[in-house]
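A.B. asks: Heads up: the protein sequence lines correspond to chains A, B and C, in order.
Per my numbering, the first sequence starts with residue 1, numbered consecutively.
Per my numbering, the second sequence starts with residue 1, numbered consecutively.
Per my numbering, the third sequence starts with residue 1, numbered consecutively.
No wet-lab data here; the hints were simulated from the structure.
It is possible that some hints are incorrect.
To be verified - List time: in silico SDA-like cross-link candidates among lysine to any residue, alpha-carbon distance up to 20 Å:
#1 428/B - 37/A
#2 451/B - 139/C
#3 281/A - 56/A
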Amino acid sequence: MTHVLDPDALSDDARALSVPLPPYRDATRSDSAFRAFLHGLPGVDQVGAEARVAQLGTRSIKTTSKAWAIDTAISMVDLTTLEGADTPGKVRSLAAKARRPDPTDPTCPRVAAVCVYGDLAGVAREALGDSGVHVAAVATAFPSGRASRAVKLADVRDAVQNGADEIDMVIDRGAFLSGRYLDVYEEIVAVKEACARPDASPAHLKVILETGELVTLDNVRRASWIAMLAGGDFIKTSTGKMSPAATLPVGLVMLEAVRDFRAATGRQVGFKPAGGIRTTKDAVKHLVLINETVGPDWLDPDWFRFGASSLLNDLLLQRQKLRTGHYSGPDYVSVD
Amino acid sequence: MTTSSSPFEYAPAPESRSIVDIAPSYGLFIDGEFVDGTGDAFPSVNPATEEVLTEVSAASEADVDRAVRAARRAFEKTWGPMRAADRGKYLFRIARLLQERAREFAVLESLDNGKPIRESRDVDVPLAAAHFFYYAGWADKLDHVGLGTRPRALGVAGQVIPWNFPLLMLAWKVAPALAAGNTVVLKPAETTPLTALLFAEVCRQADLPAGVVNILTGAGDTGRALVEHDDVDKVAFTGSTEVGRSIARAVAGTSKKLTLELGGKAANIVFDDAPIDQAVEGIVQGIFFNQGHVCCAGSRLLVQESIHDEVVASLQRRIGTLRVGDPLDKNTDIGAINSADQLARIRELSDIGEAEGAQRWQPACELPDRGFWYPPTIFTDVSSAHRIARDEIFGPVLSVLTFRTPDEAVAKANNTTYGLSAGIWSEKGSRILKIANQLRAGVVWANTFNKFDPTSPFGGYKQSGYGREGGRHGLAAYLEGAEQ
Amino acid sequence: MIGNDRLAVRKTYKLYVNGAFPRSESGRTYEVTDSKGHFLANAARASRKDARDAVVAARGAFGKWSGMTAYNRGQVLYRVAEVMEGRHVQFCDEVAAGEGLSASRARAAVDAAIDRWVWYAGWTDKLAAVLGGANPVAGPYFDFSTPEPTGVVAVLAPQQSSLLGLVSVLAPVLATGNTAVVVTSKDRPLPAVTLAEVLATSDVPGGVANLLTGDAEELGTWLAEHADVDGIDLTGAPANRAMEFEREAAGTIKRVVRPPATEPDWTADPGLTRMTPFLETKTVWHPIGL
Numbered sequence: 001m002t003h004v005l006d007p008d009a010l011s012d013d014a015r016a017l018s019v020p021l022p023p024y025r026d027a028t029r030s031d032s033a034f035r036a037f038l039h040g041l042p043g044v045d046q047v048g049a050e051a052r053v054a055q056l057g058t059r060s061i062k063t064t065s066k067a068w069a070i071d072t073a074i075s076m077v078d079l080t081t082l083e084g085a086d087t088p089g090k091v092r093s094l095a096a097k098a099r100r101p102d103p104t105d106p107t108c109p110r111v112a113a114v115c116v117y118g119d120l121a122g123v124a125r126e127a128l129g130d131s132g133v134h135v136a137a138v139a140t141a142f143p144s145g146r147a148s149r150a151v152k153l154a155d156v157r158d159a160v161q162n163g164a165d166e167i168d169m170v171i172d173r174g175a176f177l178s179g180r181y182l183d184v185y186e187e188i189v190a191v192k193e194a195c196a197r198p199d200a201s202p203a204h205l206k207v208i209l210e211t212g213e214l215v216t217l218d219n220v221r222r223a224s225w226i227a228m229l230a231g232g233d234f235i236k237t238s239t240g241k242m243s244p245a246a247t248l249p250v251g252l253v254m255l256e257a258v259r260d261f262r263a264a265t266g267r268q269v270g271f272k273p274a275g276g277i278r279t280t281k282d283a284v285k286h287l288v289l290i291n292e293t294v295g296p297d298w299l300d301p302d303w304f305r306f307g308a309s310s311l312l313n314d315l316l317l318q319r320q321k322l323r324t325g326h327y328s329g330p331d332y333v334s335v336d
Numbered sequence: 001m002t003t004s005s006s007p008f009e010y011a012p013a014p015e016s017r018s019i020v021d022i023a024p025s026y027g028l029f030i031d032g033e034f035v036d037g038t039g040d041a042f043p044s045v046n047p048a049t050e051e052v053l054t055e056v057s058a059a060s061e062a063d064v065d066r067a068v069r070a071a072r073r074a075f076e077k078t079w080g081p082m083r084a085a086d087r088g089k090y091l092f093r094i095a096r097l098l099q100e101r102a103r104e105f106a107v108l109e110s111l112d113n114g115k116p117i118r119e120s121r122d123v124d125v126p127l128a129a130a131h132f133f134y135y136a137g138w139a140d141k142l143d144h145v146g147l148g149t150r151p152r153a154l155g156v157a158g159q160v161i162p163w164n165f166p167l168l169m170l171a172w173k174v175a176p177a178l179a180a181g182n183t184v185v186l187k188p189a190e191t192t193p194l195t196a197l198l199f200a201e202v203c204r205q206a207d208l209p210a211g212v213v214n215i216l217t218g219a220g221d222t223g224r225a226l227v228e229h230d231d232v233d234k235v236a237f238t239g240s241t242e243v244g245r246s247i248a249r250a251v252a253g254t255s256k257k258l259t260l261e262l263g264g265k266a267a268n269i270v271f272d273d274a275p276i277d278q279a280v281e282g283i284v285q286g287i288f289f290n291q292g293h294v295c296c297a298g299s300r301l302l303v304q305e306s307i308h309d310e311v312v313a314s315l316q317r318r319i320g321t322l323r324v325g326d327p328l329d330k331n332t333d334i335g336a337i338n339s340a341d342q343l344a345r346i347r348e349l350s351d352i353g354e355a356e357g358a359q360r361w362q363p364a365c366e367l368p369d370r371g372f373w374y375p376p377t378i379f380t381d382v383s384s385a386h387r388i389a390r391d392e393i394f395g396p397v398l399s400v401l402t403f404r405t406p407d408e409a410v411a412k413a414n415n416t417t418y419g420l421s422a423g424i425w426s427e428k429g430s431r432i433l434k435i436a437n438q439l440r441a442g443v444v445w446a447n448t449f450n451k452f453d454p455t456s457p458f459g460g461y462k463q464s465g466y467g468r469e470g471g472r473h474g475l476a477a478y479l480e481g482a483e484q
Numbered sequence: 001m002i003g004n005d006r007l008a009v010r011k012t013y014k015l016y017v018n019g020a021f022p023r024s025e026s027g028r029t030y031e032v033t034d035s036k037g038h039f040l041a042n043a044a045r046a047s048r049k050d051a052r053d054a055v056v057a058a059r060g061a062f063g064k065w066s067g068m069t070a071y072n073r074g075q076v077l078y079r080v081a082e083v084m085e086g087r088h089v090q091f092c093d094e095v096a097a098g099e100g101l102s103a104s105r106a107r108a109a110v111d112a113a114i115d116r117w118v119w120y121a122g123w124t125d126k127l128a129a130v131l132g133g134a135n136p137v138a139g140p141y142f143d144f145s146t147p148e149p150t151g152v153v154a155v156l157a158p159q160q161s162s163l164l165g166l167v168s169v170l171a172p173v174l175a176t177g178n179t180a181v182v183v184t185s186k187d188r189p190l191p192a193v194t195l196a197e198v199l200a201t202s203d204v205p206g207g208v209a210n211l212l213t214g215d216a217e218e219l220g221t222w223l224a225e226h227a228d229v230d231g232i233d234l235t236g237a238p239a240n241r242a243m244e245f246e247r248e249a250a251g252t253i254k255r256v257v258r259p260p261a262t263e264p265d266w267t268a269d270p271g272l273t274r275m276t277p278f279l280e281t282k283t284v285w286h287p288i289g290l
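The shape of chain A in the complex, shown without the other chains:
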């Protein structure tokens, strides 16, 4: 059931009540203070970041480490369908796959979550039962984020009420690119509040930066910090609706941001790349990136997710090859 324009929603005028953890308490006290803070973060040299990523891409992950990586990657997938044509039937089919990805092998781990539009979150919740697979819903006028605050917050509340455990919101890129950083921040704070659940802990909030629209890595770093200071539980690269989406240099910068944030505040924030991750090779590169940038604390579905759809089948095919010793084929995995 959906609600429109909840009359109890905070008005646009109301300032967010939340403040960031020390030592950044006063970074958000004003527009100019926040700007100075964000612009004072160290810059990112694009060529250097790309070179580091390329070098990490040469890691050779074979045999036992490859098997571990595949199983781990599967357990980190947010199996996603975000199409206008999505129906309850489609969502149920996806949920079944999420619970048991490999019809030929029950030892295959289940994925972390199913990710759908908010209005279908209820269908997913029911289909997933007590399998342990979470329900993630996109909200806040995904993917563009172009709607009023009230509409966006209503979108969030609907999804939460429908049963979403996790909310994937989009930041206001227009506000970011025109320098209204505090607006971006306050909206995230408001969304986090809207994630509250009466009889459970708040829904997990993933903040999508849509890095393809931010373009520069400096912007990616700044947007990451806004999201973390505002209380996001995860920072996420993209909506998957445009290209470029989850590139490795972007991942590098965002992982450095979560690393630095934890070092400074003690709070751990998760990371989710989404869009453009299609092959096992891509997935393994991400795991290597995590391993050597932020370390093993993030090698866990609670702190890292892949936002993907076709990736799962490639992981399954690779898994089957390791198991059977020969290359597998598309008939051995299901269409969702």
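Since the structure of chain A is provided, determine the placement of chains B and C on it from the hints.
C.D. replies: Positioned in the frame of chain A, the structure of chains B and C alone reads:
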């Protein structure tokens, strides 16, 4: 040293040795074929395992003479009179062969030198091929070098190269010499002869005329005999400043042209507005790439005092993810130290560093029992007066000094008798250009480090040597009409 | 010479160091005669301490001289040629007397010397274009090389050609932005001192060029071994000492120009051959990215 508590342990990923075929012994490559030398044989050892790989010959004075005469004949009868375009075509063939046999060369280099296969595969061999490609294209364009029309080659070049990038240093020497119309006699380093000997095979496969390239294995005595031979017109040396001095003395009063590429103690300067994560990466690349066996290594970190603690902490964290181990494992970042001698020198200077009051830090590191190994090391609280800030260590040891202002950074960076390279890290363009202007170094890397290219001239100021390799300058060094 | 009864006020010939004209700290002088053996003057006989002081002066002047724009340096050097032109007669007299040349041969030598100086003045702002440039590296980097002066250059000036030869070895050192310590021709030092007077009155900062009259054989060793001298031109070194000087210079990896086997034709186009030995090449890399 890494990932001992990570669930993501990388399984061994060894590159196969089966692609190389090392003979039990090798002779000297003179006048187009392998011949027995008249000197003693000596072993070449794998520094990661101390296994003897093969035996090579220490070329005697008579062998040197024989090679120089072969080179002279080739210069006068075949290579010199040849059409320039054809010389170029031979060089193109060699470049292609290096690419075709790239994997073989990379594995052989790692076995003989101890450097990780990832480096020899991704850096050494591709760059060596690129040098041959680049100079192949110059061979028939000498009129445009800027030395007038039809500048003449010098004749026979005697070339002595070091052990840190054996194949690449060979390419840096042989390619321009041949493109300019000279013939060469080259002596690879005593501890790393194998890729030079494989290169001799490539010359044969390319049908390079006999005597154009001659390879003489040997040690200091062979090098001396080559440099001092009367019929050598040009001497090119890359190695230590100490030996460079003695070579410069040896050619005094002769008409031999000389270029030297010697040691360094480069300063890597990090300003408070640097892109910190990339700067840390650049520092690590600067001193731990190739185990620090690099003349242009960023062995002194000059970090702005205000960000010292943050940078050192980041460095320590980053170093914790470096993998030391089997050079043939594709995931190894840091390989073996090249020889027992070099390891002893590194240890000695490190001990001096501590004795002089600097603080030593090394990550917890499991090193293999056999072979020559040293963990990446950082010294903090280093001052300009310390020996570890002045002497070239040539190992994976970083000395960290601080500065307060740009002027102080430049003064400290230039306060050395060396002048090969330097690094600058800052997001401010005008500052980078200003500091680059003021640094007395032949190569300045700004917001990057350890980048090489055949088109980009490389060489030092002051006691890091004279002359440049790469680009038009590298070619001019082998032609009449340029100086030195 | 002016043919009348007036008693000439004789010129004294001293060293030129750091923009001033001191006598040798050793107090020594030596007799300079013309080509026929007639007394011309007592010239200061520079000592190793004078050489030492000159190196200090040259090092001190290097920062400012090399830091000037190439255009400024060119203008300063051109002015030197203007002032040389003004001293044409004096130069002709000294060259003729010292080298035993006819008036017309002396004039030709002086003309060539001034023209050679002008030629080098025009090079200051062109070296970077000819010797430097962007390097098309195989990666996203802006990579360029530029020539830079090496530092303090010691010059043992030719013994025979006392002005044209001197100009031919000194002008390229200055045009490239280096500073110089010159040991003049021993037997024919007078045009060098006059040239020093020209330098002193031409906006050339003190210490950029230092001219020491004296014996290259004596001073060559001190300059070749001096650790604060970056390069040395051995053109005027006595034949039996040149190799030894080169060996001494090797101890500090100096850039060395060897003496020619035979007396060069100083009027021939020297190209870049006297400039490139004292130029370093600096190559700079910077990433190109967002």
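A.B. asks: Compare the structure with the hints numbered earlier in the document and write down the numbers of the violated ones, lowest to highest.
C.D. replies: none
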